[in-house]
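*Asks:* Below, each chain spelled out in residue letters.
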Amino acid sequence: MTNTDRERHRERETAFYLFTQQRLPACKPVLTPAWVITIFLFTGFIFIPVGLVTLRASRSVVEIVERYDTECVPEPFRIDKVSYVQDDSIPKNCSLSLKVRKYMKAPIYIYYQLDNYYQNHRRYVKSRSDRQLLHGWKYHATSSCQPVEFNNNQPIVPCGLIAWSLFNDTFTFIRERAELKVNRKNIAWKSDRDHKFGKTVYPFNFQNGTLIGGGKLNPRIPLSDQEDLIVWMRTSALPSFRKLYGRIEEDLDADDVVVVHLMNNYNTYGFGGKKKLVLSTSSWLGGKNDFLGLACVFVGSSSVILAIVFMLLHLKSRR
Amino acid sequence: MSEVQCEQPNNSLYTFTGNLIMDNQTLPLSPNQILLRGCSLKNTEFIVGAVIFTGHETKVMMNSMNVPSKRSTLERKLDKLILTLFGTLFTMCLIGAIGSGVFIDRKYYFLGLGKSVEDQFNPNNRFLVALLTMLTLLTLYSTIIPISLYVSIEMIKFIQSTQFINKDLNMYHAETDTPALARTSNLNEELGQVEYIFSDKTGTLTRNLMEFFKCSIGGEIYGTGMTEIERGIAERRGIKVQEVQASNNPIREKGFNFDDVRLMRGAWRNEPNPDACKEFFRCLAICHTVLPEGDESPEKIKYQAASPDEAALVLAAKHFGFFFYRRTPTMIYVRESHVERMGKIQDVSYEILNVLEFNSTRKRQSVVCRYPDGRLVLYSKGADTVIYERLAGGSDALKNVTREHLEQFGSAGLRTLCLAYRDLAPDMYESWNEKFIQAKSSLRDREKKLDEVAELIEKDLILIGATAIEDKLQEGVPNCIETLSRAGIKIWVLTGDKMETAINIAYACNLLNNEMKQFIISSETDAIRAVEERGDQVEIAHFIKEEVKKQLKKCLDEAQQYFHTVSGPKLALIIDGKCLMYALDPSLRITLLTLSLNCSSVVCCRVSPLQKAQVTSLVKKGARKITLSIGDGANDVSMIQAAHIGVGISGLEGMQAVMASDFAVAQFRFLNDLLLVHGRWSYLRLCKVVMYFFYKNLTFTLTQFWFTFNTGFSGQRFYDDWFQSLYNVIFTALPVIMVGLFDKDVSSSLSKKYPELYKEGTRNMFFKWKVVAIWAFFAVYQSLVFFHFVTVSSSASQGSSGKMFGLWDVSTMAFTCVVVTVNLRLLMICNSITRWHYISVGGSILAWFLFIFIYSGIMTPHDRQENIFWVIYVLMSTPYFYITLLLVPVAALVGDFLYLGVQRWFFPYDYQIVQEIHKDEADDSGRSDLLEIGNQLTPDEARSYAISQLPREISKHTGFAFDSPGYESFFASQLGIYAPQKAWDVARRASMRSKPKTNKKN
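For the protein sequence lines, the chains are A and B, in the order given.
So for the first sequence, full-length UniProt numbering puts the first residue at 1; every next one is plus one.
So for the second sequence, full-length UniProt numbering puts the first residue at 1; every next one is plus one.
Watch out, some of these pointers could steer you wrong.
What the hints assert, rightly or not - The calculated DSS-like cross-link candidates involving lysine-lysine, where the alpha carbons are at most 25 Å apart (straight line), are:
1. LYS759(B) to LYS28(A)
2. LYS107(B) to LYS276(A)
3. LYS81(A) to LYS107(B)
4. LYS216(A) to LYS115(B)
5. LYS753(B) to LYS28(A)
6. LYS316(A) to LYS919(B)
7. LYS102(A) to LYS181(A)
8. LYS126(A) to LYS115(B)
9. LYS107(B) to LYS126(A)
10. LYS919(B) to LYS28(A)
11. LYS300(B) to LYS254(B)
12. LYS216(A) to LYS107(B)
Unchecked claim - Ranges of calculated distance between the beta carbons of each label pair, as one might list FRET restraints:
13. ARG220(A) to LYS107(B): 30 to 40 Å
14. GLU7(A) to GLU515(B): 53 to 63 Å
15. PRO29(A) to LYS107(B): 53 to 63 Å
16. VAL902(B) to LYS274(A): 41 to 51 Å
17. PHE77(A) to LYS107(B): 14 to 24 Å
No lab work stands behind these hints, which were simulated from the structure alone.
The beta carbon of each residue, even a glycine, is placed where N, CA and C say it ideally should be.
Just need the whole structure built from these sequences, with the hints factored in.
*Replies:* Next up, the structure:
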């Protein structure tokens, strides 16, 4: 046994002794008033600046939100919107004009927002087959896709309720009679495009049934390039959600008027859902959402206030 | 051919009725003819007998009870908590189920609720939908039930008992090489909530070793020793105790612990009254029933006495130079030194004419002897009360001084006897002797007649002095008892010994003192004795019951009076077994319980093993307090089993008590460490562990619950399956075990220095519904923060690329926040944070990140949804992740932090106050172990102490106790009369039989 071994052995024995005699070295934090005040102040000093920076980023975002689900139904059909939207013979085009209040710097993101749409319903969430999306119709074990699994004994690619209910309103934007170019590439997360949707998988037997849920897919484009589908299939967390439609890569000036021509195809009338069109710039943090900033400022400032209250109490009645 | 007819097997040790039919003769059989199981007979070559009961039918075995399985109170309360959680689970599921039934509708066409939809979502049968959703939700919310809690608790308790209790050096008894032993790991935290301790006396509180300690001769106290209780009193008065320098070569022998040069080696000749000394020593040497054994030399002789008291007295005489070395039926031989002149040794033989035996009524014993020169002397020793009644008139000064000495001895916890003598005139003696012989040979009421005759001669006695024998206490017992009583624990002594002995030990242990109001309920009253003499069993029972009832009522009334006054004296109850038997009757039980719960100490004497158990269960079931029984012998087994916690004294006597116990310690004083340190810590730790488990599972499940409201009550999971499964197993498992093992609010020395801290356990301060409610409140708050902060803040696009998060991004974010927060919350409940806390908390959080990095980085080849694929990398590519991770845990914990701060500031627990008093002290690494209970008293304490020292009406406890197990029978056997051993001795002997030296081999 070498010296270091012996040393180590003794150390281990000492450690075990301290363990059994319950005397392990420990720090003993005692939450005295001084500590409470210090910690509150510290929290305040961290969170107020973070909150303000976050809030500033959120405030710098310019956002235009326009609800169009009711307006885009012609007056005579508004009594029965469902039959209007389901009737293929009626043209669905509709125009909106949006006024830009503030200068919007490119890229301007185009979102569609749906409300009361339960993309997180259990039956909906599970109704997909990630294997099939990656490997195509050769992959047969698609029972999870019920009830949109087969049509005429042919497998459906992509199967499942999610794909079946693909959002299919389309938007074109015109400013001063010139169409704004909308970039519809790179709207889905890269990991989805590259790893979850196959490059050699083409839509097959899709929307051929009696009931048609939503958008159709070009059978000649592989799924990994069908970015609308990929975006749609990253199901949302809450029943009110936005999804990215595309990017306008030109700046919009204040007081510009943008006319939107849209095809109002998608049925949200049956269940009272809303459809909105959102144009938004982006900061380093993301879209317009004051919540994080406000919450940080609130936590920070209430910490400081509590610290002050405690300090006064401490001065008034020393323990 | 003969036949025995007898009663059915029963558990009464004191009674037996039967007949022996032999040669057409019917002989009655009584307890006198019965030997109980476990007895060993001595000094006989053979016996002839018949076995009446064997095995489980023996009376001793009938006194034992079934081994109960014990669960701790905390665990039982935990069951209630779990039931509440089940209730909550059910309610949550019901809400979800109703919601799902209402929600489901064909209008949500994207859910594909066509004709062939399965029952789970079929809008045509909403009731079935609700029912099936209920089942789904049941599995979804099942995380609210902390299943791993039980495993963790078992693990923690196991380590606590095997590593901490069993290996604690403070509870290791070096002399017998006995460590403490936790025989079960179920009851660790129960040790932290004990309110009543039931203790056996012999072997537990005392060593069963009598030592001659002091004496008073002719108004002078001899003996320089100090009992523990005197030392304690002196310390409390702030007097420095100096060990009196012992003389150069003090004589030390087992049974003799006396040191005073004034009496040794003939020095008594120079004392003020050497004659009194001489009579004193002679009385010790002559007036006894001891048998010498072995070589007739002072070094080798062994005294066989029925009681160790007697042996101690004779031994004392030997050391004083009056060496009793031989006994014949009529003579006692004493080798006397220094009597006529210094250094002269002579053998003197005294003729023993009469022996007036000891019994519990007479409380004295006398011997009439004739000196070689014809002088007739009656030597008498006995209780001060009976001796003083029979003293001749005059010499009041001596009597008063001696009485003072007796009181002094008594309050020091010593057992006293008064010695007296009387010179008899020959003619007077002769006439008395005739009456004595007559009485002795009478067939009816012989004992009564003998007593009457004895009265005739035992009068006009001359007081010589008094002896004081120390019933050696176990080491540290008075201190331990004092500490325990400061901790709010009440100690009851349950003993088979006589009342005087029990009271004496209670004094010695600080359980009784003269300032206390003592209620004594005894069957040894004249009224009861008178009825007993009439011999009608039914009448006796009825009379005693009435008497006990009256007594109890009276005591209770008086007690309540004292209870209403503010500074009334403390109360004590002393009751003997016979009275207890009636007091335990269902009709009187409540009164007994009320009275005894109001008393700060209770002494039960002459109780049988079964009664010990009954008293224990009376308090356990009647008062619903947590009880602990401690004992060393077989007679304590049923009591040990009856209590919530049984503690056996290990190391010396037989193993029965240890085998029946839950914990075994070598010494009574180790209870201090066992309860105040280990018990308290275990309780605190387990409370924390339980509450923390409750909190973390509730928080986790509630986030899931809030999500359910946003999914159309469909039962969609918020978290991935793996997150949910591993949450309890990996991400939050280890740190809480660290708390269960290492958390210490105050160090062990402070726990013992402030025993009052223990009361937090008995009041169950840390596992009340209030505490549960507070934790639940913060769990709800935190879960709301988790769910809403994370979802609301993710409603816009994240990062500069404008892309949106999906369900799994949000849920992973939320889960990350939950894991981080819950682990940080753990650090907030810790009173001491060791390296292992950091490692486990850091490790848990790290484990989550490692897991998610790997889990979301790979695609599995199985058919499953790859929901989590790349999610964490997507999340971490956005600033949102970092800001949320900073904000949500702080926002969630700020409430808890505020609560903790305010609670400690304005409503501190006792332990928190102690923490702050000693917060600057180093941990108990060596130095603080030396912390003594100092004499620093606050002004308030000093004043209350001064008040307590004011003189009060003092009950005159003089400490008479002459305990003689089997004494009467032993004495009787000297006279050729057979008397049985008493049952309580039998029970005790049975427990001692593994002791090798009591088995004398012929």
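*Asks:* Hint by hint, work out which the structure violates, then give me just those numbers in ascending order.
*Replies:* none
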